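Residue numbers (the numbering used here), protein chains in the order written: chain A, 1 to 376; chain B, 1 to 206; chain C, 1 to 160; chain D, 1 to 381.
Calculated from the structure, these hints are not laboratory results. A quick note: this is a predicted structure, and the numbers were derived from the prediction, not measured. Check before you lean on any hint, since a few could be wrong.
[As the list claims (entries may be wrong)] Derived list of chain D stretches under chain B, where covered just means 3 residues or more per stretch with a C-beta under 8 Å from a C-beta of chain B:
no.: 1; segment: 16-25
no.: 2; segment: 43-54
no.: 3; segment: 119-133
no.: 4; segment: 204-211
[Unchecked claim] Each computed BS3-like pair below joins lysine-lysine, with the alpha-carbon atoms no more than 27 Å apart:
no.: 5; chain 1: C; residue 1: Lys34; chain 2: D; residue 2: Lys311
no.: 6; chain 1: C; residue 1: Lys34; chain 2: D; residue 2: Lys81
no.: 7; chain 1: C; residue 1: Lys146; chain 2: D; residue 2: Lys311
no.: 8; chain 1: D; residue 1: Lys203; chain 2: C; residue 2: Lys80
no.: 9; chain 1: B; residue 1: Lys172; chain 2: C; residue 2: Lys146
Where a beta carbon is used, it is the ideal one built from N, C-alpha and C, also for glycine.
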Amino acid sequence: MAITTLWDVAYFMATALLGLVGRIIPPLAAPLGNVDLIWGLAALVFGAILLAASMINTIMLIWFERKMLGRFMDRRGAMHVGYAGLLQNFADGLKLFRKNTFKPRDADGLGFYAGPTAYLVTSLLMFGVLPVSTGWSDGSLPLSMLLALVIFSFAPLFIFISAWSSNNKYSLIGGMRSAAQMIAYEVPILLAVVAVVVVSGSFDLNTIVNEQRNFWFWTLPLTLAMIVFVTGMLAEMERIPFDLPEAEAELVEGWNTEYGGMLFAYFMLADYVRALAGSILIVLLFLGGWTLPSYVPAALTSFPLAGIFWLMLKTYLVFGVFVWIRAALPRVRTDQLLRIGWMRLIPLSLASVVIAAAFVLVKCVPVLGCVPSMGG
Amino acid sequence: MSAVAPAAPLPAAPKPGPVVGPGGELPVVTNDVTFVEIETLRSREFLPAAKEALSAMLKEQGESKLIRPVFNWAGRNSLFPLHWGLACCAIEFAAAFGARWDAERFGVVPRSSPRQCDLLIVNGTVTWKVAHKLIALYEQMPEPKWVIAMGNCATGGGPFRTAYSVVPGVDKLVPVDVYIAGCPPRPEALLDGILRLEALIRERGE
Amino acid sequence: MESNPEDIRAQLTAAGAVGVLAVEPFDGAAARVKFAPESAAALFQVFRDALGFTHLSTVGGIDWVTRYEVFYLLWSDATKRYVILSADLDAKTPHIETASPTWPSANWHEREAWELVGIHFDHHPDLRHLLMPDGYQFHPLQRAFKLHEPEELEVKVRHV
Amino acid sequence: MSEMWINMGPQHPMTHGLWNLRVRIDGEMILDVDPEMGYLHRGIEKISEDRHYNEVITLMDRTCYVAGMAWEHLYIQAAEKALGITAPERAEWIRMMSEEFQRLASHIMWYAAFVQDLGLMSPFLYGMRDRDLILDLFQAYTGGRLTYEYMRVGGVRNDLPEGFPKQAREVLDWLEPRLVEYDRLCMGSDIFRSRCDGLGVLKESDCVRLGVTGPMLRSAGSKRDIRKDRPYSRYSQVEFDVATADAGDVTGRYLVRMEEMRQSIRIIRQTLDWLDHHPGPVIADHLPRWLGAPYAPVGREGYLLKRNYPKGVGLSAIEEPHGEACAYVVNEGGEHPYRVKFRSPVFANLSACSHYLVGYRVADIPPIMGSVDVCVGEVDR
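Next comes chain A alone, as it looks inside the complex (with noise of 0.2 Å):
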């Protein structure tokens, strides 16, 4: 059987896994062998890799901050802790989950540990919802990108319940900019999306990439929509200059103040987990996901793995950007933070749906030869 897409690893797995057990134990056999048996463990199985790949992911993606942010900084970052700190984030991950796990005393039982567990998990629910390349993650549902949003929209409850429950003031205060902030942000952002769906026809992400190989159809209405949707992504993931949840200086540490331990290893886990989901999520609404654009030669897209690779490289650079927005911006403030979102952006989020609905109206512009093939 030819192995091509996750999910035949995920299933070449469990038979192989089950298939071993029958042998052992010859009477368990025939129960093992029934399919939906196999195909439940091999669901485990795609969601451990997945969780997996995504959790290295996630922790490259730090390292890969720290080491932009040093050389933006005349400095090298981490370097000692494996080859050029390679294993500093293990090394902290692994220190903070051996550190003594404690509650203030004053703190709500419930809400100091759930909190941080739900924004750990819901935020990693995002990778079972996008799409990384054709048949490797199974995200082709016919409204994943509304899912994608809504599992996005999860994290401000979360971090409020944590934030009120640690019972410190700089926590609250930080837990409500974070709760005011992503309220206001997601406005914008759904309108972008709306752009995006208005133009592509559809809410699957993998149709939503398909059509992106029609390269200046998407390019041209969708740069707004764009620009507005990562404006909004960075409020979303509390990034400079919009980190006024977390902003150091006046909240000391905004609303993990009060954690520390594993619990804190959750919040920043979670942190880039958004951060790595939302560049993904941006590269795939905008960026083309997997795919080049039609005039590439098909060279570049037929190696194996090409799809992930390109997706990755594309992740990155996406996140590489914000990390050089981080190194040259200052932070905003409160009122300027909400004015942007609510004065600036959404008029320019209706625009864009209007500039896409004009597009699709018009199907095409001749000059630039463009081919239809809108599903709407």
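Start from chain A and add chains B, C and D according to the hints.
The following block gives chains B, C and D in isolation, referenced to the frame of chain A:
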């Protein structure tokens, strides 16, 4: 309105010892509520049985030659100091994170919240007024944790040793693992101190 | 920069200041004006309004064992010079009227002088401890307060 | 949400030192502030009464640890007046150069810390990088990076080493374009401007009333600068302009400090030119030995002198990087000063903080307090 007389005009020579606080007692400020008690998970919260089982397992593994070096390696290579500047040495502390010395190469990243720190670098003179805050910060740090006394003031009072308001050495307040001499120590000395602490952790097998 | 006590004396006379005991030359300032502490409040107004010393640099106290001295360092933007006001205070209960209404910047300086030297400033809006912990009884800059090597001591932490 | 008090400090990223800003807030608005000082009160004025005159210099370096040279200069002037000793001409010029280098280093340190408070991380690293070059110069002629113990009553400890002027000029040549770069990073950024414009405004009349001095006062339009108004050392012999701005806000303070750095470079260049052509002694002869010098030779024949202690009072004022600093040294005869009193500019600037903080937002506290340039060592002393 007549002049208000000052409370204590010209007291007799104060009795020896740095007297701070009412009645000239030892300088732990007892009527201050800024002490923070930290109740750890071990006490009664959150699945005590599971926690016990896990810690038993970890303890068992801790004796083994397999897991323990890994955690030791992780612990010593990722020391997060508390972002706290006390006095002069804080400037050199900051310089150690500058471009020339770049302490982040060794995985040393300052965090602002004591909850997320492993390392308290006492970089300057500790006065009796700040002593209990320092202890509170130390107690807010989760175990395992270490203390570096940076500079002469933190080590033994330095040039202000005789002053009425200065703690003659931070080891009176918290246990110190590494002392760094200098007034202030150069950033190299701080990095050396951190590396010595790493060696100490490796030896002690914390 | 040159000391010019005659000018200050003339201006003080013109402004009708009372309570001035002596106007002495002083290296680095226009003059050192000795005044009686009872007339402090009025004299401060004169110096600010009539002589143009709008900026109060600092307030300090000196313990001369038999008496206390409190001195004020003033700066005039118009004539670009300092002047020192100084008053001798009783050793038993050293007190003087506060300068805070005239120069709001005196607030903290006087708090410090009260705390460290033990000079009481009457009608001060907020005479609390500034540098030492609340409840500290001593005034370290008094001569009777001697420094010494710290003795071996053990500190116990008590949780509250 | 109801009003609440929050404590910013003594361990808080905003404070840059040991102090506590108690803030009463309603949501994000500041209703009231109450600074709490004294966490770094080390009794420097008291210890000085137990030290020889030259030993006090050790404490001066630590009084303001980002402006050690300036405080040494301040104390030395007052002590020399109190003792009736004058320093050689060359020593005065070296002192002036040291003070200007210190101003440069202090302002760069301020820039690094201030911009980091706004969330901009890179300039912190750039600032520390460039400041280290100045500290290298200090190290070349004093041996120390932060605490120099360089000046002495009656001169300075040692002359400049060979090749120092060349090294210093190289550093200045490197720094000048860096200042332009700093400016582009900040004033060129819309976010920076929107964060800083019209923030923490303190009008000139309020500054004078509240005793606020230094860049904060000059940013409000005043031209008061002790170096111009009451020239000490050899400041009357060098050309420089007093940097001013008129808004009195955070941007104004930023602009004033940036311009002051350029003026400092200008002064240092003139000083270096003078020093090139005027060799000579850097410490006075026949200094009494009881002045005490921890580890450096005092005057050549000092020990021969009889111990006839002079008496006197010395007052000196300098334009420290943070503002107007004064020293008042009372010498009642004897080996130790009878009383030493310092006027710290930050002390006064900070005491006015309710006037420039109330009415702004919590997020404005770091830039405003950053623009004040708090050095707690000299506030608490």
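Comparing the hints with the structure gives:
1. Figure legend: the segment 16-25 of chain D, annotated as covered by chain B; annotation consistent (3 residues with Cβ-Cβ distances under 8 Å, at least 3 required).
2. Figure legend: the segment 43-54 of chain D, annotated as covered by chain B; annotation consistent (5 residues with Cβ-Cβ distances under 8 Å, at least 3 required).
3. Closer than 8 Å: that is the beta-carbon criterion, and the segment 119-133 of chain D has 7 residues meeting it against chain B, so the requirement of 3 holds.
4. Judged by the Cβ-Cβ criterion of 8 Å, the segment 204-211 of chain D is not covered by chain B as claimed, because only 0 of its residues qualify and three are needed.
5. Straight-line distance between C-alpha atoms of C/Lys34 and D/Lys311 comes to about 19 Å, which keeps the hinted pair within the 27 Å bound.
6. With a CA separation close to 21 Å, the supplied pair C/Lys34 and D/Lys81 stays within the 27 Å bound.
7. This hinted pair checks out: C/Lys146 and D/Lys311 have alpha carbons roughly 23 Å apart, not beyond 27 Å.
8. For the hint pairing D/Lys203 with C/Lys80, the CA-to-CA distance comes to about 20 Å; that is within 27 Å, so the pair holds.
9. As the CA atoms of B/Lys172 and C/Lys146 are separated by approximately 23 Å, the hinted pair is consistent with the 27 Å bound.
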